[in-house]
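Trainee: Put together the whole structure using the sequences plus the hints.
First to last, the protein sequences are chains A and B.
Heads up, the first sequence is in the working numbering, so the first residue is 1 and it goes up one at a time.
Heads up, the second sequence is in the working numbering, so the first residue is 1001 and it goes up one at a time.
Simulated from the structure, these hints should not be mistaken for lab results.
Treat the hints with caution; some may be incorrect.
[Claimed, not checked] For each label pair, taking beta carbons as the anchor points, the in silico distance ranges come out as:
#1 B/Leu1195 x A/Met240: 47 to 53 Å
#2 A/Glu104 x B/Leu1195: 29 to 35 Å
#3 B/Ile1154 x A/Met240: 26 to 32 Å
#4 A/Glu376 x B/Gly1053: 29 to 35 Å
#5 A/Glu21 x B/Ile1154: 32 to 38 Å
#6 B/Thr1124 x A/Arg277: 44 to 50 Å
#7 B/Gln1223 x A/Glu33: 55 to 61 Å
#8 A/Ala281 x B/Gln1223: 47 to 53 Å
[What the hints assert, rightly or not] Heads up, simulated SDA-like pairs for lysine to any residue below, C-alpha to C-alpha not over 25 Å straight-line:
#9 A/Lys118 x B/Asp1193
#10 A/Lys47 x B/Leu1195
#11 A/Lys7 x B/Ile1137
#12 A/Lys119 x B/Asp1012
#13 A/Lys25 x A/Glu376
#14 A/Lys47 x B/Gln1144
#15 B/Lys1065 x B/Gly1028
#16 B/Lys1080 x A/Arg272
#17 A/Lys6 x B/Ile1199
#18 A/Lys44 x B/Pro1183
#19 A/Lys7 x B/Leu1195
#20 B/Lys1014 x A/Leu27
#21 A/Lys47 x B/Asn1145
#22 A/Lys305 x B/Lys1049
#23 A/Lys22 x B/Gly1077
#24 A/Lys7 x B/Asp1079
#25 A/Lys57 x B/Gly1077
#26 A/Lys25 x B/Glu1179
#27 A/Lys22 x B/Asp1121
#28 A/Lys7 x B/Pro1064
#29 B/Lys1014 x A/Glu376
#30 A/Lys22 x B/Asp1012
#31 A/Lys118 x A/Thr174
#32 A/Lys57 x B/Ile1199
#33 B/Lys1014 x A/Lys140
#34 B/Lys1080 x A/Glu58
#35 A/Lys140 x A/Thr174
#36 A/Lys44 x B/Lys1049
#37 A/Lys295 x A/Thr174
#38 A/Lys202 x A/Thr174
#39 A/Lys57 x B/Asp1193
Where a beta carbon is used, it is the ideal one built from N, C-alpha and C, also for glycine.
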Amino acid sequence: MDFTLKKEHEMARALFREFAEKEVKPLAQEVDETEEFPRATVEKMAKAGFLGIPIPKEYGGQGCDVLTYVMCVEELSKVCGTTGVIVSAHTSLCCDPILTYGTEEQKQKYLPDLASGKKLGAFGLTEPGAGTDAQGQQTKAVLDGDEWVLNGSKIFITNGKEADVYVIFAVTGTVEKRGKLLKEISAFIVEKGTPGFTFGTKEKKMGIRGSSTYELIFTDCRIPKENLLGQQGKGFNIAMHTLDGGRIGIAAQALGIGEGALERTVEYVKERKQFGRAIGAFQNTQFQLADMATKAQAAQFLVYKAALTKDQYTQDHKTAYGVEAAMAKLYAAEMAMEVTTKAVQLHGGYGYTREYDVERMMRDAKITEIYEGTSEVQRMVISAALLK
Amino acid sequence: MKIVVCIKQVPDTKGGVKFKDDGTLDRGAMLAIMNPDDKAGLEAALRIKDEYGAEVTVITMGMPKAEDVLREALAMGADKGILVTDRVLGGADTWATSQTLAGAIRNLDYDLIITGRQAIDGDTAQVGPQISEHLNIPVISYAQNIKIDGDSVIVERQYDDRYHVLKAKMPCLVTALAELNEPRYMTPGGIFDALQAEITVWGRANLVDVDDSNLGLKGSPTQIAKASDKVRKGAGEKVNLDPTESVDYIVGKLKEKHVI
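Mentor: Here you go:
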């Protein structure tokens, strides 16, 4: 077992950090305040290749591993959770299922533009009645000649209005399983601008406020028959497998938010003086920091382990990484919430104001315990594997 | 088209400066970055490559760890990297450095050589123009814009209050200012490729038409009398005088210190 990073990962981390500090950090507060999608930053990330990190070169990607992608999301999220999730949703939830389940034609058609960042990706599974219970899908797709006709809506879609390519799930029939009639779910690729595909309301969120979270509405939206992603009826498996990967991205986001809050707090406690001493000189502060750093380190190990396990899957198409991903997301998200809460506490009254980054980080951290599977769902995944 | 870009690994000013006993920089003990003017020169070369198509070779003289700066350049998009390293080349001043680089470049085909204006560690701005002298090609320094026009380059040469537009037939050498452009970031895939790429390593034996007397510390006319990492400022002096006396006093002090 080797905990030393390879030279390419060290260099990539330095690159992501420099980019985050120069291009992302100066805008983080404004993005949060205005709730505006950071389009200019996304264009810069596209130019630097950040939107196609684990996509093979033959499809226009960077041809790097999952660990490099995870480090990118981690470093971006240290300064801006919004920017971290934009990359994560695009890469893990849109590029990855097309790469894994797409036909050669679909890969050739969509991946080069997605990997170069010319187009942005999104993923639509959640519905008002189908959150953790993904089987509760209401959106329907009916085959009519050479076209699928979609009707229904999706909510809480990250990169919602800003994306160009969407992986969408819909009910395509029913299937009998052990005497029960279950919904047959299939996955589709839908492009922005398709007639009948419109946007509903924009969510007003507690955190990651620049990430463009929208409702997607499909009204007699006709897409070509060949836009079915994977086999008909395999949508549920595609969604679950995609979310296994997505959870590693969100775990990296949570990790970054926690680490970012720790960095800000270490700087702050050295400067803030009370009772004639820097507050970092008090043992309570020291013990809090020690706990925060230890948990952040533990989270990093879990997240990197999950990334390396998914890399193994990329090689052999066999290795399962769902449990590793669930553990990484569960722990990193809870760490992020705990560390950011402590960071605000150590900042005192100032930490409760928007002048200090930790206030935003605490709000950004909360969503990591909820989306792409709540912490409770992660516990279900982990315990199910134990009790199998 | 073939472009050679000379780049230098310089101490990162954030990491502190350390000296050896002979007064030269202890480069091994310091954090290092690509010199900013050189990075702008590299970006200029890469933009020419993007627009017109070109092969970009980066070359550096330094210790073996200077290879890092070559790999960074490859990760940004350069095609080949050459490291000129040899114990006998150590401690070189601008004269010995330019002799070394010219000796290495004589092995290469090139249309254009781009160097940074000056390095942030020495601040001499001499190496680029000296290389052009050794190679007997034209030089245009302080470039704030570089364009290709057939077999010539058109360069905006910066002055304090204006710029000149100069045209030179290639092959020629241009020295670049950091203000020339905003250098691109490395790409993640570029990093992975750069670490697999082979770096050409040359030593003294590979230098063409250079005499030993022009190399390394011994071949350097510059003698460093003393070096320190901080200029210590005195507390200053306060005097209360009327305006006429003040002027006389200040002029007297300046004369005393040979400033005027």
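Trainee: Against this structure, judge whether each hint is valid.
Mentor: Outcome of the hint check:
no.	hint	in the structure
1	B/Leu1195 x A/Met240: 47 to 53 Å	violated, 36 Å
2	A/Glu104 x B/Leu1195: 29 to 35 Å	holds, 30 Å
3	B/Ile1154 x A/Met240: 26 to 32 Å	violated, 59 Å
4	A/Glu376 x B/Gly1053: 29 to 35 Å	violated, 57 Å
5	A/Glu21 x B/Ile1154: 32 to 38 Å	holds, 36 Å
6	B/Thr1124 x A/Arg277: 44 to 50 Å	holds, 47 Å
7	B/Gln1223 x A/Glu33: 55 to 61 Å	holds, 58 Å
8	A/Ala281 x B/Gln1223: 47 to 53 Å	holds, 49 Å
9	A/Lys118 x B/Asp1193	holds, 23 Å
10	A/Lys47 x B/Leu1195	holds, 21 Å
11	A/Lys7 x B/Ile1137	violated, 39 Å
12	A/Lys119 x B/Asp1012	violated, 37 Å
13	A/Lys25 x A/Glu376	violated, 32 Å
14	A/Lys47 x B/Gln1144	holds, 23 Å
15	B/Lys1065 x B/Gly1028	holds, 8 Å
16	B/Lys1080 x A/Arg272	violated, 50 Å
17	A/Lys6 x B/Ile1199	holds, 19 Å
18	A/Lys44 x B/Pro1183	holds, 12 Å
19	A/Lys7 x B/Leu1195	holds, 8 Å
20	B/Lys1014 x A/Leu27	holds, 24 Å
21	A/Lys47 x B/Asn1145	holds, 22 Å
22	A/Lys305 x B/Lys1049	violated, 40 Å
23	A/Lys22 x B/Gly1077	holds, 21 Å
24	A/Lys7 x B/Asp1079	holds, 20 Å
25	A/Lys57 x B/Gly1077	holds, 15 Å
26	A/Lys25 x B/Glu1179	holds, 23 Å
27	A/Lys22 x B/Asp1121	holds, 23 Å
28	A/Lys7 x B/Pro1064	holds, 16 Å
29	B/Lys1014 x A/Glu376	violated, 45 Å
30	A/Lys22 x B/Asp1012	holds, 17 Å
31	A/Lys118 x A/Thr174	violated, 37 Å
32	A/Lys57 x B/Ile1199	holds, 23 Å
33	B/Lys1014 x A/Lys140	violated, 59 Å
34	B/Lys1080 x A/Glu58	holds, 23 Å
35	A/Lys140 x A/Thr174	holds, 11 Å
36	A/Lys44 x B/Lys1049	holds, 20 Å
37	A/Lys295 x A/Thr174	violated, 45 Å
38	A/Lys202 x A/Thr174	violated, 32 Å
39	A/Lys57 x B/Asp1193	holds, 11 Å
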